[in-house]
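Undergrad: Please work from the sequences and hints to get the whole structure.
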Amino acid sequence: MSTNGPAEARRSDWRTNETTELFRAILRLGNVEEAERFFRDLCTLGELRDLSQRWAVVRLLNQGLHYAEISERTGASTATITRIASWLQHGEGGYRLMLDRLDDASVAT
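Using this note's numbering, you'd call the opening residue of the sequence shown number 42 and step up by one each time.
Any given hint could be a false lead.
The following label-pair restraints were derived from C-beta to C-beta distances [unchecked claim]: (1) 123 <-> 75: 30 to 38 Å; (2) 64 <-> 113: 31 to 39 Å; (3) 143 <-> 64: 16 to 24 Å.
Simulated from the structure, these hints should not be mistaken for laboratory data. Glycine included, each C-beta is placed from N, C-alpha and C at the ideal position.
TA: Put into structure tokens, the structure is as follows:
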């Protein structure tokens with residue numbers, strides 16, 4: 042087992058040719074409407090709700106809200122919020138990357 046930490050240990054479990062091709066397809070989406078169409082075809086309504094809820098939790102954690110308030114606002118369980126908070130702090134860095142990019146975009150507009 043790798044001693045490089047949880048993110049490194051998990052990396053090889055999910056990174057496949059299929060995931061790489063999926064991410065390449067996502068990168069080709071040109072706007073929100075195209076993303077909506079693609080993800081609606083790709084995901085069930087439940088999967089879309091779950092993804093949206095997770096992203097809402099990330100944004101609220103980034104604002105410093107307490108877990109109870111985040112749970113009340115989003116309907117996410119505190120267990121889910123705890124898991125997302127762990128990924129925000131110790132994951133691959135994707136949440137932080139996107140939060141920073143969106144923050145930079147809002148400053149530029």
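Undergrad: Checking each numbered hint in turn, tell me which of them this model violates, lowest number first.
TA: Of the numbered hints, all hold.
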